[in-house]
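Each residue of the sequence shown is one higher than the one before, counting from 1 in the numbering used here.
What the hints contain is simulated information worked out from the structure, not anything from laboratory work. Cβ coordinates follow ideal geometry from the N, Cα and C atoms, glycine included. You may find that some hints are simply not true.
[Stated by the list, open to error] Distance ranges between label pairs, derived from CB positions:
hint, residue 1, residue 2, range
1, T21, N65, 32 to 38 Å
2, K45, T21, 25 to 31 Å
3, A6, E57, 25 to 31 Å
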Amino acid sequence: MMFASATFKPGLIVENHKHATMFEVFYILSGQAEFIVNHEKVSVKAGDCITLEPGEEHSQSNPYNEDVV
């Protein structure tokens, strides 16, 4: 298990992928982002939390003009 803080710059795209055994949890501190989870678009903003389970295909992007933390 690990915990990290990340900043996604405007225009950043993380290509579609999945993890065999790992959960990923994103808590959005500021900004907004878009995830595609199992082919469904999920928009998140500051204060939102999204949990990705092992085996779920997902990608994420920041199509906005501000950083996402």
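Consistency of beta-carbon spacing, N65 to T21, with hint 32 to 38 Å: Given a distance of about 36 Å, which is inside 32 to 38 Å, the answer is holds.
Beta-carbon spacing of K45 to T21 - inside the hinted bounds 25 to 31 Å or not: Holds: the Cβ-Cβ distance is about 29 Å, inside 25 to 31 Å.
Assessment of proposed distance window 25 to 31 Å (beta carbons of A6, E57): 20 Å, violated
The structure shown violates just one earlier hint, number 3.
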